[in-house]
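Protein chains: 2
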Amino acid sequence: MSQKIVAGIDIGGTKIAVALENQAGGRVADRRFPTDVARGPEKIVDEILRAIEEMLAETGAALGAVGIGCPGPIDIERGLVLSPTNLPGWIDFPLVELVEKRFGVPVVLDNDANAAALGEYFFGAGRGFRDLFYVTISTGIGGAIVCEGRIHHGVQAGAGEVGHTIVDPHGTACRCGARGCLETIASGTGIARRMRERLAAQNGGNVENYRRITAETVVEAVRSDNATARAVWDETIEFLAIGLGNAITIVAPQAVVIGGGVAAAGELLLGPLREAIGKNVTMLPIEKVEILKATLGSESGVCGALILGKSALERGQNVR
Amino acid sequence: MSQKIVAGIDIGGTKIAVALENQAGGRVADRRFPTDVARGPEKIVDEILRAIEEMLAETGAALGAVGIGCPGPIDIERGLVLSPTNLPGWIDFPLVELVEKRFGVPVVLDNDANAAALGEYFFGAGRGFRDLFYVTISTGIGGAIVCEGRIHHGVQAGAGEVGHTIVDPHGTACRCGARGCLETIASGTGIARRMRERLAAQNGGNVENYRRITAETVVEAVRSDNATARAVWDETIEFLAIGLGNAITIVAPQAVVIGGGVAAAGELLLGPLREAIGKNVTMLPIEKVEILKATLGSESGVCGALILGKSALERGQNVR
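Which chain is which? The protein sequence lines are S and R, in order. In this text, residue positions in the first sequence follow my numbering: the first is 1, and each later residue adds one. In this text, residue positions in the second sequence follow my numbering: the first is 1, and each later residue adds one.
Wrong hints could be hidden among the right ones.
Claimed, not checked - A few chain R residues facing chain S, derived, Cβ under 10 Å:
1) 178
2) 179
3) 245
4) 281
5) 285
6) 286
None of these hints come from the bench; they were simulated from the model. Even glycine gets a Cβ: it sits at the ideal position worked out from N, Cα and C.
Construct the entire structure; sequences and hints are all you get.
As structure tokens, this is what we get:
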């Protein structure tokens with residue numbers, strides 16, 4: 001059998017990454033470009049597929065399979081992108097069928113958090129662990145479970161969604177329809193909102209006056225020892241420790257890997273978080289659960305997409 | 001290979017069940033007797049093993065393997081019972097080694113909730129589902145995850161412990177050391193405590209005056225439309241829906257099976273619980289998750305122990 005190339009596609013709301021890899025795991029080529037969401041799914045996908053064709057032409061090798069990570073909700077079995085918040089216009093979009101028709105090779109689709117989790121499991125902070133709980137804290141909070149090298153999907157690929165576990169029964173209404181979800185408090189959006197609300201309450205002003213505050217500016221203010229930011233940060237840690245602590249008590253993974261923009265806070269986040277989780281998790285020896293920062297950054301998604309592609313190639317068939 | 005018998009042992013804080021099964025899955029013999037905890041682990045185990053020897057002598061068949069379910073914490077790998085609350089004196093007790101030496105066959109130990117979950121998965125309410133989340137609500141709240149016919153153990157067999165997920169950050173201190181665990185609110189003990197506290201507060205009396213109240217009497221009072229009991233029950237449902245809802249959001253199992261004494265309330269529990277969980281779980285179509293009462297009752301543990309024994313027999317070796 002001749003050497004086959006695998007393509008990985010990581011579709012995000014703001015940027016797209018594409019990479020080619022040979023079967024030995026060597027990166028042959030890659031490209032990144034912004035997601036021009038206004039162009040709609042057909043044109044965006046055409047741009048992605050042309051990029052792959054160009055890269056293939058340069059290498060002269062044959063494509064064997066494609067793996068794709070994409071914001072959810074998706075329908076893995078039917079290969080559809082249902083209607084992600086940050087991909088407007090992608091409604092029940094038959095992504096897998098489109099790519100299959102263009103290339104005539106097996107195509108595997110999974111959601112972006114699952115793809116990133118696979119990337120971290122095989123090439124990042126999760127290497128060497130049997131089981132992994134992955135969480136990404138950025139605009140929202142996503143999550144995924146990897147068990148012995150495989151994503152645990154669960155019913156309609158819904159598993160791992162720690163951002164929508166309820167950590168404060170009397171908390172804020174969440175965009176998902178429930179109340180007090182971890183995401184309302186500890187996502188980048190939640191952190192910025194709570195900081196704005198506190199400042200407005202303290203200064204008697206309007207929340208709108210503080211609209212330029214982001215999770216990043218809160219983290220900067222914590223580093224400058226701003227008391228209000230510190231209170232917001234402590235609350236962030238407190239509820240992340242409940243949500244992630246509960247996930248650990250349920251799944252008992254060997255490692256928790258935290259990615260996403262908020263994880264860029266590094267030890268400012270991880271140090272106190274480990275301590276708080278240690279108080280909340282009592283059913284297993286918490287020192288046996290490593291709580292780590294993701295190491296692949298924006299590469300985790302495309303790395304995971306390549307792993308999805310390789311799994312399709314190994315099975316030698318369309319695995320939908 | 002001649003027909004081999006498998007023995008299952010279900011050790012509880014108040015009673016013990018032992019059963020023999022042939023490889024075709026036919027029940028050959030069984031026995032039940034009370035756990036006289038005052039006698040200590042050696043004598044209790046000797047009584048169990050003598051019962052197995054007597055039953056084997058009656059059948060004339062050879063023993064092939066033994067499976068044991070026992071209250072945790074246990075050390076599965078080393079085959080030790082560490083120090084369960086309801087088995088006083090069982091401290092780092094080498095249960096597996098003792099049974100292996102007596103019978104010279106492979107022995108598998110797991111905790112009681114895991115054994116009961118296997119029983120329900122293969123023979124009870126969980127039949128036909130790929131994945132199962134099992135929860136037992138009695139004095140405490142235990143839990144277990146079965147994925148494709150196997151227990152998901154996780155780090156130090158700690159997975160599935162939904163009773164010690166935090167559902168009320170400002171709640172009552174739990175015996176586990178954390179605060180606001182589901183068990184403090186929704187276990188039989190928690191239900192009775194909250195009823196006593198409400199009655200004492202209403203009537204100006206002492207909580208001790210109501211010490212005869214149990215979860216069972218609360219359920220009876222709900223059926224008689226007692227307003228205080230109704231308030232306690234509504235709160236029970238509210239927090240069970242958060243804890244079990246969070247477990248569903250993390251694991252996305254095809255079914256949740258609820259066993260234990262409190263589950264005997266039946267539809268009084270399950271009806272409102274399904275409705276409340278439906279509001280809390282937003283990341284997957286909740287109608288695809290069946291929420292069911294366990295059907296094996298006190299048989300689930302010994303059924304699961306037999307499955308553990310069969311797994312040891314099939315692997316043909318000591319699987320510790």
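Consistency of the hints with the structure:
{"no.": "1", "hint": "178", "in the structure": "holds (5 Å)"}
{"no.": "2", "hint": "179", "in the structure": "holds (8 Å)"}
{"no.": "3", "hint": "245", "in the structure": "holds (7 Å)"}
{"no.": "4", "hint": "281", "in the structure": "holds (8 Å)"}
{"no.": "5", "hint": "285", "in the structure": "holds (6 Å)"}
{"no.": "6", "hint": "286", "in the structure": "holds (9 Å)"}
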